[in-house]
Amino acid sequence: MPVPVLAERLRAGETLIAGWCALPEPLVAEAVARAGFDCVNLDAQHGLHDVSSIVRGIGAIALAGKPALVRIPVGDNGLASRVLDMGAEAVIAPMINSVAEARALVAATKYPPVGERSWGPARVMALRGTEPQEHLDSGNRTSLAFAMIETDRALGSLDEILAVEGLDGVFVGPSDLSVTMSDGKKIAPLDSMLDESIRRIADFANAAGKFAGIFAASPQRAILFRSFGYRLIALGTDHVYLADGAKAMLSALK
Amino acid sequence: MTTFDKRKDAFESKFAHDAELQFKAEARRNKLLGLWAAGLLGKTGAAADAYAKDVIASDFEKAGDSDVFAKIRGDFDAAGVDQSDHQLRRTMDDLMQTAIDQIRKET
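Heads up: the sequence lines are chains A and B, in that order. Throughout the first sequence, residue numbering follows my numbering, covering 2 to 255 in sequence. Throughout the second sequence, residue numbering follows my numbering, covering 153 to 259 in sequence.
So that you can see chain A by itself, here it is in the shape it has in the complex:
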C-alpha cells in the first residue's frame, strides 16, 4: 500500500495537481486518481461527501496509489481529526479568517505538543503499514493542515495566520474571495481583479515557509497560479470532468 507522499513531494518543491471530487462515490474518486492527478481531494464542504463516502473514497484513492486530501465543512474540526485517522494526508479547512481559527485547526490535526489531536489512527496505520510509535513520531509531518484563505478578513490577518505553529499551508478559494472583496456584489472566481491578491498570498506563504495551495477552475488559471508560486493546485471538479468528457465525445460525432 502507498506510504505517505504528499508532504514529502511538497517539501521537495514539486508542484502537485489535485483532482477534486464532489460526487460521493469511491469508484469516481478512484477513476480520478487513475486519470493522472498527483493526488485527489474529497470535498465535504460543498461536495456531497459524508463520513461513509470519505472513508471508502480514501481507500479507493489509495488503491490507485495516490494520496487523498479532504476538505471539511466550515469549523468541523472533529471531522478534521477523523479524516486523518481515516488516512487522508491533508485537511483543507474552509473559511479560516483569524489566528484563533487557525490554532483550532492545528489543535485538531497535530499531536501534542504542537496540537491536541486525540489518538486513534487504526485505519491510517493499516493503509500505511505503520506501527503506533512510528505513526506518532511521523504523524505531524505526514498529515498536513491547510487553512483556506478566502475572505478579506483573512487577508487582514494573513501574516499572523501564517505564523501559527503547526499550520502547514494556506489554500486559496477564489470564489469566496471574489464575493468578499466585492462586498457581496460579484461571484467571479476567474476575474483578473483577484490576480494581485492571489499572487501576494503565495508570496506571503512562500516567504513564511508555508505551502501555497489554490483551487483553479481551468487549466489556464492553474498555469497562472503555478507561475505565482502555488505548489498545490486543485484543478476542476469531477462533475466537470464527466460533463466535458461526454460533451467532447458527442461533439466529435457532429
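Because the hints were derived from the structure by calculation, they are not lab data. Ideal placement from N, C-alpha and C gives every residue a C-beta, glycine not left out. You may find that some hints are simply not true.
Straight-line alpha carbon distances no greater than 27 Å define the calculated BS3-like cross-link-like pairs of lysine-lysine that follow [stated by the list, open to error]:
hint, chain 1, residue 1, chain 2, residue 2
1, B, Lys195, B, Lys183
2, A, Lys211, B, Lys183
3, B, Lys214, B, Lys183
4, B, Lys195, B, Lys223
5, B, Lys214, B, Lys195
6, A, Lys186, B, Lys257
7, A, Lys187, B, Lys223
8, B, Lys183, B, Lys257
9, B, Lys183, B, Lys223
10, A, Lys186, B, Lys223
11, A, Lys211, B, Lys195
12, B, Lys214, A, Lys187
13, B, Lys257, A, Lys211
Chain B is nowhere near these chain A residues, computed Cβ spacing over 10 Å in every case [unchecked claim]:
hint, residue
14, Ala23
15, Val75
16, Ala105
17, Arg129
18, Asp138
19, Gly167
20, Lys187
21, Ala189
22, Ala253
Pairwise CB distance ranges, derived in the manner of DEER restraints [what the hints assert, rightly or not]:
hint, chain 1, residue 1, chain 2, residue 2, range
23, B, Thr250, A, Pro133, 49 to 55 Å
24, A, Glu117, B, Thr196, 33 to 39 Å
25, B, Asp234, A, Met194, 28 to 34 Å
26, B, Arg241, A, Ala101, 30 to 36 Å
Since chain A is already given, all that's left is putting chain B on it; use the hints.
Then chain B, alone, in the frame of chain A:
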C-alpha cells in the same frame, strides 16, 4: 530622488534577500498605519483593530501601496479628516521605517 524613493531603496537593500522580513514589515506598516488612521477617524479599541485589519487587507488589491493610500484617502475624505495627500504619504513612509526597525529588533 524623493525621500520616499531613498527609503524604498534602503528598505530593499536591507531586505532584498529576506522576503519574509519584507512581507512582515509591509504588514506591520499597514497595521501601524491603520491604527494611526483609526485614531483620526475616531475609532478606538476593537473598532480600531478591525480597521487596521481592513487596511492590511486593502494592500492585497494592487501591486505597490497605492491601494492602501486610496483606501485611507477615501475614508478620510468621507469622514472629513483634514490630512493632505502629502501628510498621508509621509506618514506611510515614516511608519514603514518604524515597521522595519520593529521587525529587525524582533528577529
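Results of checking the hints against the structure:
no.: 1; hint: B:Lys195 / B:Lys183; in the structure: 14 Å, holds
no.: 2; hint: A:Lys211 / B:Lys183; in the structure: 22 Å, holds
no.: 3; hint: B:Lys214 / B:Lys183; in the structure: 17 Å, holds
no.: 4; hint: B:Lys195 / B:Lys223; in the structure: 16 Å, holds
no.: 5; hint: B:Lys214 / B:Lys195; in the structure: 26 Å, holds
no.: 6; hint: A:Lys186 / B:Lys257; in the structure: 42 Å, violated
no.: 7; hint: A:Lys187 / B:Lys223; in the structure: 20 Å, holds
no.: 8; hint: B:Lys183 / B:Lys257; in the structure: 17 Å, holds
no.: 9; hint: B:Lys183 / B:Lys223; in the structure: 13 Å, holds
no.: 10; hint: A:Lys186 / B:Lys223; in the structure: 18 Å, holds
no.: 11; hint: A:Lys211 / B:Lys195; in the structure: 34 Å, violated
no.: 12; hint: B:Lys214 / A:Lys187; in the structure: 18 Å, holds
no.: 13; hint: B:Lys257 / A:Lys211; in the structure: 23 Å, holds
no.: 14; hint: Ala23; in the structure: 28 Å, holds
no.: 15; hint: Val75; in the structure: 20 Å, holds
no.: 16; hint: Ala105; in the structure: 19 Å, holds
no.: 17; hint: Arg129; in the structure: 33 Å, holds
no.: 18; hint: Asp138; in the structure: 29 Å, holds
no.: 19; hint: Gly167; in the structure: 18 Å, holds
no.: 20; hint: Lys187; in the structure: 14 Å, holds
no.: 21; hint: Ala189; in the structure: 14 Å, holds
no.: 22; hint: Ala253; in the structure: 43 Å, holds
no.: 23; hint: B:Thr250 / A:Pro133: 49 to 55 Å; in the structure: 51 Å, holds
no.: 24; hint: A:Glu117 / B:Thr196: 33 to 39 Å; in the structure: 35 Å, holds
no.: 25; hint: B:Asp234 / A:Met194: 28 to 34 Å; in the structure: 32 Å, holds
no.: 26; hint: B:Arg241 / A:Ala101: 30 to 36 Å; in the structure: 35 Å, holds
The structure fails hints 6, 11 (numbered hints given earlier, in ascending order).
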